[in-house]
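Peer 1: Fit chain G to the known structure of chain P by using the hints.
Just so you know, the sequences run in chain order P and G.
1 is the number of the first residue of the first sequence in the working numbering; add one for each residue after it.
1 is the number of the first residue of the second sequence in the working numbering; add one for each residue after it.
Simulated from the structure, these hints should not be mistaken for lab results.
Warning: the hint list may mix true and false statements.
One copy or any two copies: either way a pair holds, since identical chains are not told apart in the list.
Said to hold, decoys possible - With a straight-line Cα cutoff of 27 Å, these simulated BS3-like cross-link-like pairs (lysine-lysine) come out:
1. LYS326 to LYS301
2. LYS326 to LYS228
3. LYS45 to LYS287
4. LYS301 to LYS146
5. LYS153 to LYS287
6. LYS326 to LYS230
7. LYS301 to LYS45
2 protein chains.
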Amino acid sequence: MIRKQIAMFSLMLGFSTSILAIDEPIQPIKPVQNINLGQVELGKKLYFDPRLSKSGFISCNSCHNLSMGGTDNLKTSIGHNWQQGPINAPTVLNSSLNVAQFWDGRAADLKAQAGGPIANPGEMAFTHTLAIDVLTSIPEYVMEFKQVFGSDKITIDEVTQAIAEFEKTLVTPNSRFDQWLLGDKQALSQDEMAGYTLFKESGCVSCHNGEAVGGNSFQKMGVVEPYKAKSPAEGLSAVTGKDADRFKFKVPTLRNVEMTYPYFHDGEAETLTEAVDVMGRLQLGKKFSDIENAQIVAFLKTLTGDQPAFLMPILPPSTDMTPAPKPFE
Amino acid sequence: MIRKQIAMFSLMLGFSTSILAIDEPIQPIKPVQNINLGQVELGKKLYFDPRLSKSGFISCNSCHNLSMGGTDNLKTSIGHNWQQGPINAPTVLNSSLNVAQFWDGRAADLKAQAGGPIANPGEMAFTHTLAIDVLTSIPEYVMEFKQVFGSDKITIDEVTQAIAEFEKTLVTPNSRFDQWLLGDKQALSQDEMAGYTLFKESGCVSCHNGEAVGGNSFQKMGVVEPYKAKSPAEGLSAVTGKDADRFKFKVPTLRNVEMTYPYFHDGEAETLTEAVDVMGRLQLGKKFSDIENAQIVAFLKTLTGDQPAFLMPILPPSTDMTPAPKPFE
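For reference, chain P alone in the conformation it holds in the complex (with noise of 0.2 Å):
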């Protein structure tokens, strides 16, 4: 009934029925629905203040850069005292779309996520108490947390749900996919929608697939062939504790895929075109021709939306009572 009534729109519209999202693997990104601003608000200036982090230097923005894709664009991150991390920062962009955050899916959502770098010795480094009482001697931030969650006392819990609730508006719609989805025929060339064709053909649809391309299983890293990871990380199975878990890692969306370089958990493949010939091989057992490698690309590059469009925000400033940052202890 649903897909009829879509059907007779489009037809209304001009658009053929047959190139209709409801066919397709793929959806268009849904705008973001039940959003809380005042959360937004407070969680953006969160999730740009530095003095969540023991040096005072690094915040969610160092590594989930919003200029760059929601990422750093490193292969694995730069942490407290410069040290180096475990792994490849994943995109904030549509985070939200992910059946569970990090790539070992350990956080369930965006609110268990948002504590874990603030307190991890090896980002942040800062500790939540610390954190809070940097917070609760700013009166502006003390107010705002008053006027957005009713409360006297700014908790952890509040900080991660106004973090969560700000990264639930970073989503990327209006893809030159997405038109194309939505009826728009002339949105895709050619060779992007040989690339599609392709995508979907070989398999590669089977795990990077709904709204976020990707996002919602974990899988295997090396399915055909092993894969032969650098990296000791083991997905999965560190949270499950299941040995048929090892090496499963949760499957990267797609979205803005062309700004989120280098790829992989551990961020070893530096181009689309080689992580689309790696994934060809290990999880497929199919290698792409130059062309087909070339056309998958093109393709991938029509997944990159709109980007968040917002004001710099404006942190209000410490007090006399703030514990100063300690970036060389």
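Peer 2: Structure of chain G alone, referenced to chain P:
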């Protein structure tokens, strides 16, 4: 003649002529003029682009953070490989009003300054040549440079020109003190007015004057009493080679000083209260009472102006040809 016209205009608006800006040693921030908007938009991207650093992690905004008063709010900055910088990062806000750039004035203007940190081994640790290689590998940048500068080849001269042009827009008009200067007698409280009177009558204003409330001269740190510095920085003498210029530093702007903590070239003063106390004793031979100190601090907080408001820039992605950053080499 002009003064008379202003007086008449003020009378028409119901303002008293006695508080006209023209009679004060501090002037309101003037609107920015003669701006090249193409350069500004390009410069904004470059200002936020960490690919101008060896690590791919440090941008201009890392240490001159526009969410935080144009500073990093650290005693001394964090550079490549977590090196500790030798000096406090001065604010980029209103820096176009400075007589010269850097604490020791070694750069004549913003353009001359902008190239410094990129190539400084302790800061962004890159070279101008490598930075140009990165930008040249990114077609969107090549096109934008061509559009803005009309040339096919990106040069470091254009890079620093664009960054400087963006920085020229980072003025902060409309502080409560400027509103007062412009005739709104209600803009300041009694304490703030008392603080301003003290600021003038005690002699603070002899160095902190003009549009930026500083930034227009070099003065010795420690006039009446010597300043016991832990920092080895010697200031202007490093530039002029003159012994008489030892410990002379550019007088910092006091615009937005509430946001630009900690204070002094070495960042040793954590609070405004401490900074006012030290300045009073060492520069003026005057010990402010607690009440006087608080009044001066109250006045200083009226110098916080409208912070730069702009959309977070989205950076063009690297390509297969872009040299990868080297954070851990």
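Peer 1: Would you mind marking each hint as holding or not holding in the structure?
Peer 2: Hint by hint, here is what the structure shows:
1. LYS326 to LYS301: So LYS326 and LYS301 pass the 27 Å test across copies only (25 Å; inside, 42 Å).
2. LYS326 to LYS228: Between. Shortest inter-copy distance 22 Å satisfies the 27 Å Cα cut-off; intra-copy 39 Å does not.
3. LYS45 to LYS287: For LYS45 and LYS287, the Cα distance exceeds 27 Å both inside one copy (46 Å) and across copies (39 Å).
4. LYS301 to LYS146: between (43 Å within a copy, 24 Å between copies)
5. LYS153 to LYS287: Neither, since 58 Å and 38 Å both go past 27 Å.
6. LYS326 to LYS230: The answer is between: 18 Å across copies meets 27 Å, while 33 Å in one copy does not.
7. LYS301 to LYS45: between (31 Å within a copy, 21 Å between copies)
Of the hints listed earlier, those the structure fails to meet are numbers 3, 5, in rising order.
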